[in-house]
Every structure is written in C-alpha cells, then in structure tokens.
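K.L.:
In case you want the letters, here they are:
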Amino acid sequence: MLFARSLDRFGNYCMFLWRTFGIPEKWREFFKRYLDEMSKLGIDSVPLIIIVSLFIGSLCTILIKLNISNPLLPRYAVGSTTREIILLEFSSSILCLILSGKIGSNIASEIGTMRVTEQIDALDIMGINSANFLIMPKIAGLVTIMPFLVIICMATSLFGGYLICVLTAIVSTETYIYGIQTMFNEWYVWYALIKSLFFAFIISSISAYYGYTVQGGSTDVGKASTNAVVMSNIMILLVDVILTKLMLQ
Amino acid sequence: MIEVKHVEKSFDEDGGRRQVLYDINAKFYDGKTNLIIGQSGSGKTVLVKNIVGLFKPDVGQILYDGRDITVMDTKQLKALRNEIGMLFQGSALFDSETVMGNVIFPLKMFSKMSSEEQRERAQFCIDRVNLTGSENKFPSELSGGMQKRAAIARAIALNPRYLFCDEPNSGLDPKTSIVIDELLSDITHEYGITTIINTHDMNSVMGIGENIVFINKGRVGWVGNKDQIYNVDNEDLNNFVYATDLFRDVRKYRRDHGYTPTHILE
Numbered sequence: 001m002l003f004a005r006s007l008d009r010f011g012n013y014c015m016f017l018w019r020t021f022g023i024p025e026k027w028r029e030f031f032k033r034y035l036d037e038m039s040k041l042g043i044d045s046v047p048l049i050i051i052v053s054l055f056i057g058s059l060c061t062i063l064i065k066l067n068i069s070n071p072l073l074p075r076y077a078v079g080s081t082t083r084e085i086i087l088l089e090f091s092s093s094i095l096c097l098i099l100s101g102k103i104g105s106n107i108a109s110e111i112g113t114m115r116v117t118e119q120i121d122a123l124d125i126m127g128i129n130s131a132n133f134l135i136m137p138k139i140a141g142l143v144t145i146m147p148f149l150v151i152i153c154m155a156t157s158l159f160g161g162y163l164i165c166v167l168t169a170i171v172s173t174e175t176y177i178y179g180i181q182t183m184f185n186e187w188y189v190w191y192a193l194i195k196s197l198f199f200a201f202i203i204s205s206i207s208a209y210y211g212y213t214v215q216g217g218s219t220d221v222g223k224a225s226t227n228a229v230v231m232s233n234i235m236i237l238l239v240d241v242i243l244t245k246l247m248l249q
Numbered sequence: 250m251i252e253v254k255h256v257e258k259s260f261d262e263d264g265g266r267r268q269v270l271y272d273i274n275a276k277f278y279d280g281k282t283n284l285i286i287g288q289s290g291s292g293k294t295v296l297v298k299n300i301v302g303l304f305k306p307d308v309g310q311i312l313y314d315g316r317d318i319t320v321m322d323t324k325q326l327k328a329l330r331n332e333i334g335m336l337f338q339g340s341a342l343f344d345s346e347t348v349m350g351n352v353i354f355p356l357k358m359f360s361k362m363s364s365e366e367q368r369e370r371a372q373f374c375i376d377r378v379n380l381t382g383s384e385n386k387f388p389s390e391l392s393g394g395m396q397k398r399a400a401i402a403r404a405i406a407l408n409p410r411y412l413f414c415d416e417p418n419s420g421l422d423p424k425t426s427i428v429i430d431e432l433l434s435d436i437t438h439e440y441g442i443t444t445i446i447n448t449h450d451m452n453s454v455m456g457i458g459e460n461i462v463f464i465n466k467g468r469v470g471w472v473g474n475k476d477q478i479y480n481v482d483n484e485d486l487n488n489f490v491y492a493t494d495l496f497r498d499v500r501k502y503r504r505d506h507g508y509t510p511t512h513i514l515e
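Protein chains in written order, with the numbering used here: chain L, 1 to 249; chain U, 250 to 515.
Incorrect hints may appear among the rest.
Subject to a maximum C-alpha distance of 25 Å in a straight line, what follows is the list of computed BS3-like cross-link-like pairs (lysine-lysine) [as the list claims (entries may be wrong)]:
1. K245(L) x K40(L)
2. K424(U) x K305(U)
3. K424(U) x K254(U)
4. K324(U) x K361(U)
5. K40(L) x K357(U)
6. K466(U) x K424(U)
7. K102(L) x K26(L)
8. K424(U) x K32(L)
9. K475(U) x K32(L)
10. K276(U) x K305(U)
11. K26(L) x K327(U)
12. K32(L) x K298(U)
13. K424(U) x K386(U)
14. K501(U) x K26(L)
15. K254(U) x K40(L)
16. K357(U) x K26(L)
17. K466(U) x K26(L)
18. K327(U) x K298(U)
19. K386(U) x K32(L)
20. K361(U) x K424(U)
21. K324(U) x K298(U)
22. K298(U) x K254(U)
Simulated from the structure, these hints should not be mistaken for laboratory data.
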C-alpha cells in the first residue's frame with residue numbers, strides 16, 4: 001500500500017515536472033521572474049549562509065584541533081582537514097539541508113497559498129500554464145544561484161576557521177593557511193558545485209510540487225511545507241550518497 | 250451562448266466514487282446575466298468548474314458557441330481561455346501585485362498592445378469598476394468589495410466573450426453586494442458578454458436573474474427567470490428561495506401588488 005502510494009506520488013511528480021518544463025509563454029516575463037527568484041531565493045539567503053558558515057568553519061577547526069592532537073600528525077592537518085570537511089560535505093550537502101528549511105518552506109508555502117486562494121486556478125483559466133509560469137523560474141533561478149552560494153559558503157567557512165585561529169591561537173594562522181593550501185585537490189571544489197546543482201533542483205522542484213498539489217486550507221499549506229522540507233532532506237541525503245559513490249570512487 | 254448537454258461528473262472517494270452531477274442540461278445566453286443557484290453542496294461550483302474546463306466531465310458536452318470544450322486539444326483550449334474571464338469567490342488577486350499589476354497582467358501575457366496601450370486599457374478597466382485612485386494599492390490594502398471590483402477589472406481586461414463569477418457576493422455586506430451585482434449586470438449588457446454567476450444570494454436572484462438555472466442535489470431542478478420565480482410550483486426551489494421571512498414577504502407583496510418591492514430588497 002505504502003509502495004503503491006509512493007509510486008503514485010512519484011508518477012504525479014514526474015507529470016508535474018513535464019508540465020513545468022515547457023517553453024515560457026513570454027520570455028520577457030520569464031526572465032523578469034527568473035531574476036526575481038534568484039534574488040529572493042539566493043541573494044536573500046546570503047546573510048544566513050555567512051552566519052552559519054562562519055560558525056561551522058570555526059567549530060570544525062576547534063573540534064579537529066581537539067581530536068587530532070597527536071605528535072605524529074603535523075599541526076597543519078587542522079587546516080587541511082577543515083578544508084576537506086568544508087569542501088566535501090558542508091559547503092554543498094549540509095548547506096543545502098539548511099537551505100531546504102528556508103527556501104523549501106518558502107516555495108511550498110508560497111505556491112500552496114496561491115493554490116488554496118485560487119490564484120493558480122486564475123492563471124489556468126487565463127490559459128497560462130501555471131506550473132511553467134510559477135515554478136520554472138524558481139527551479140532555474142535556484143539552480144543558477146546555488147553554485148555561487150556554495151562558493152560563498154566555502155570561503156566564509158574557511159575564513160571562520162582562520163578567525164578562530166586569530167582569536168584563540170589554537171593553531172597559528174600561518175599553519176592554518178598552510179594547511180588549507182597543502183595537498184589541495186581542485187576536483188573537490190567541482191564535486192561540491194556539481195552536487196549543489198542536483199540539490200538545488202531537488203529543493204525547488206519537490207517543494208514546488210508539494211505546494212502545487214495542496215488541497216484544503218491554511219493548515220494543509222503548513223503540512224505541505226513541512227512535508228516538502230522533510231522529503232527534500234531525505235532526497236538530498238540519498239542523492240548525496242549516490243553522487244559521492246559515483247564521483248569520488 | 251454556452252450549452253451544457255448531458256453532463257455528469259463523479260469523484261473518487263474512499264472506497265468508491267461519489268456522483269456530483271447527473272445529466273445536466275442548460276443554456277446560458279449572450280448579453281444576459283445567467284445565474285446558477287442552489288444550496289451549498291448541490292454541485293454548482295463543480296458545474297462551473299466543468300464549464301470552464303478546470304474539471305473534465307465524465308460524460309456530456311459543453312459547447313461554447315458550438316465549440317465543445319471537452320474534446321479540445323491544448324492549443325484550442327488555450328485559445329478559448331483567452332475569451333474567458335473569471336471572478337473567483339475569494340477574488341484570487343495576485344498578492345504580490347498592485348491593482349494595476351493585477352489588471353495589466355493578462356494584457357502583458359496575451360495582448361499585442363504596446364506598454365502604453367496596456368496601461369491605458371488597464372486604467373480604463375479600473376475606472377470602469379470605480380477603483381480610480383487605488384491603482385497602486387496591494388490586495389491586502391483593499392476591502393472585500395474593492396477586491397471583487399479589482400478582480401472584475403482583471404477579468405474584463407481582455408474583452409472576454411464569456412464571464413464566470415463564482416459566488417461574487419460571498420463575504421460582502423448587502424449594499425456592496427448590490428453594487429457588485431449592478432456592475433456585473435451593466436458590464437454584461439454593455440459588452441454583450443455571456444455571464445454565468447454561481448450564487449446562493451437571493452438579492453442577486455431577485456435583482457439580476459435574467460436566466461436562472463436551479464441545481465438541486467446534482468440535477469437541474471428548475472430553469473426560468475427572476476419574474477417567473479415568484480410563481481413557481483417547485484417545492485425544492487421554494488424551500489431554497491423563500492427560506493427567509495423577508496423573501497416570503499417579497500413574494501406576497503409581488504403577488505398582491507404585481508411588482509417587486511425593490512425598496513425592501515435594498
């Protein structure tokens with residue numbers, strides 16, 4: 001029963017995507033909305049990303065210093081291990097898990113409210129493909145802006161680590177900087193950026209789907225918003241495992 | 250003219266299907282205010298959603314001047330929808346847009362007008378519904394009646410041939426309801442639109458019901474107009490229309506004096 005329901009939901013999701021990805025009614029209107037969504041979903045998330053990244057970068061540095069205090073390990077290992085954690089997991093997967101809470105609930109509740117207040121029906125009655133008009137700019141906007149958010153996250157996290165070195169002197173700043181430069185593998189940056197594209201698609205499309213298919217009233221919009229975040233998180237983790245296996249092994 | 254022929258509609262429900270509409274036949278005329286009336290849950294909204302193509306009927310035809318919406322492909326449906334305006338129960342104005350933004354929206358999407366012409370047309374529609382001065386207000390800053398008027402302005406922006414109104418008076422005070430009814434009636438006659446109003450507001454029935462279709466338990470219970478409704482021998486319709494003392498008094502007055510006491514209704 002659960003399997004049948006999941007399959008049914010997946011089928012509906014695929015049909016929803018089929019409706020979403022079409023040629024826009026008016027390109028001009030699409031680009032206007034695309035830029036708006038990039039600003040709303042991406043630029044507006046930058047303060048949150050900076051705050052979270054600074055703290056996580058600092059925490060990583062402190063915890064690594066505490067846990068790898070071994071005379072056999074070089075001191076610069078603090079910097080290089082922090083870098084690997086930031087590049088491999090935090091800047092893409094963990095950041096997207098955090099953003100799915102902010103962006104995912106925003107998309108699901110916005111679209112869900114439009115559904116229950118008949119604004120989507122109004123678009124359909126006008127002869128506009130509402131899924132294409134409302135959701136394609138969101139997906140395209142978030143997929144475009146996400147790699148930039150990941151780069152900001154990487155830079156800010158590493159700066160957070162540097163800051164904690166300056167403030168607490170757990171490792172000298174020279175050693176930390178040497179650590180984050182040593183044995184640097186450029187592919188890890190590409191790996192994080194590629195993963196972020198998949199995650200951006202997952203967050204925007206799943207949240208939009210849950211919002212678009214809301215039935216009922218404001219309570220149902222709230223439920224859809226929660227379900228959207230939960231499902232986005234599960235899918236992000238699942239895809240993370242698959243992509244890590246495919247791209248790093 | 251819109252013709253509904255033998256339309257039936259049912260929905261999936263836990264453990265089976267629930268039939269909502271049974272063999273509906275009705276005609277809605279050009280240049281007239283056509284009312285679909287009935288109790289809550291009688292199937293009025295489902296019927297309207299079938300007519301505008303938001304639902305697909307299980308069987309039957311819905312003809313827009315001979316064009317059957319139930320067999321149209323996406324392209325034909327899209328072309329037809331450019332001829333349709335709709336006023337929703339909750340107005341369905343776009344929250345993020347001003348009144349001007351809402352009214353100009355269909356023009357931006359579908360007209361070949363220049364930006365200036367679009368703005369002129371939108372302003373004309375806003376003026377027509379007496380919302381001059383509210384162009385830059387957001388829906389949340391408007392009263393219920395003003396929201397309805399803004400929604401009417403948006404619905405008529407593209408000069409529709411068919412106008413649908415779902416419970417246009419719900420949530421409005423009687424005076425504002427009359428203003429909305431008169432506006433809809435004026436626009437219908439002015440532009441010769443086929444207007445279909447889904448309502449259970451008896452003031453509307455008595456005031457602007459030029460062609461009334463009464464839906465009862467998913468079936469057409471009666472068809473007539475506001476003058477005929479005073480002398481109907483249909484128990485279900487009478488129970489619905491004359492449920493209050495006020496309307497029973499109106500009917501008595503009408504029968505005694507030969508005309509409707511509009512001063513009582515107003």
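K.L.:
With reference to the structure, classify each hint as holding or not holding.
P.N.:
Taking the hints in turn, this is what the structure says about them:
1. Between K245(L) and K40(L), the direct Cα distance comes to roughly 33 Å. Violation of the 25 Å bound is thereby established for this hinted pair.
2. Under the criterion of a C-alpha separation no larger than 25 Å, the hint pairing K424(U) with K305(U) is inconsistent with the structure, at around 36 Å.
3. The straight-line distance between the Cα atoms of K424(U) and K254(U) is roughly 36 Å, outside the 25 Å bound, and the hint therefore fails.
4. Of the supplied pair hints, the one linking K324(U) and K361(U) holds, its CA atoms being roughly 18 Å apart against a limit of 25 Å.
5. Between K40(L) and K357(U) the alpha-carbon distance is near 23 Å, which keeps this suggested pair within the 25 Å criterion.
6. At roughly 30 Å between alpha-carbon atoms, K466(U) and K424(U) are farther apart than 25 Å, so this suggested pair is violated.
7. At roughly 29 Å between alpha-carbon atoms, K102(L) and K26(L) are farther apart than 25 Å, so this suggested pair is violated.
8. Distance check on the hinted pair: K424(U) and K32(L) sit about 41 Å apart at the alpha-carbon level, beyond 25 Å; violated.
9. At roughly 49 Å between alpha-carbon atoms, K475(U) and K32(L) are farther apart than 25 Å, so this suggested pair is violated.
10. For the given pair, K276(U) sits about 18 Å from K305(U) by alpha-carbon distance, which is consistent with the 25 Å threshold.
11. Note on K26(L) and K327(U): the hinted pairing holds, with a Cα-Cα distance of about 14 Å set against a maximum of 25 Å.
12. As the CA atoms of K32(L) and K298(U) are separated by approximately 31 Å, the hinted pair breaks the 25 Å bound.
13. Taken as a hint, the K424(U) and K386(U) pair is honoured in the structure, with Cα atoms around 23 Å apart against an allowance of 25 Å.
14. Taking the CA atoms of K501(U) and K26(L), the gap is near 57 Å; set against the 25 Å cutoff, the hint is violated.
15. Pair hint K254(U) plus K40(L) does not hold up; C-alpha atoms about 48 Å apart against a cutoff of 25 Å.
16. Of the pairs offered as hints, the one joining K357(U) and K26(L) holds, with about 9 Å between alpha carbons and a cut-off of 25 Å not exceeded.
17. Only pairs whose Cα atoms come within 25 Å are accepted, and K466(U) paired with K26(L) is rejected, the gap being roughly 43 Å.
18. A C-alpha spacing of about 16 Å is found between K327(U) and K298(U), which places the hinted pair at or below 25 Å, so the restraint holds.
19. Among the hinted pairs, K386(U) with K32(L) is consistent with the structure: their alpha-carbon atoms are about 21 Å apart, no more than 25 Å.
20. Simply put, K361(U) and K424(U) have alpha-carbon atoms about 38 Å apart, too far for the 25 Å limit, and the pair is violated.
21. Taken as a hint, the K324(U) and K298(U) pair is honoured in the structure, with Cα atoms around 19 Å apart against an allowance of 25 Å.
22. A hinted pair counts as satisfied when its Cα atoms are at most 25 Å apart, and K298(U) with K254(U) qualifies at roughly 15 Å.
Comparing the model with each numbered hint stated earlier shows that hints 1, 2, 3, 6, 7, 8, 9, 12, 14, 15, 17 and 20 do not hold.
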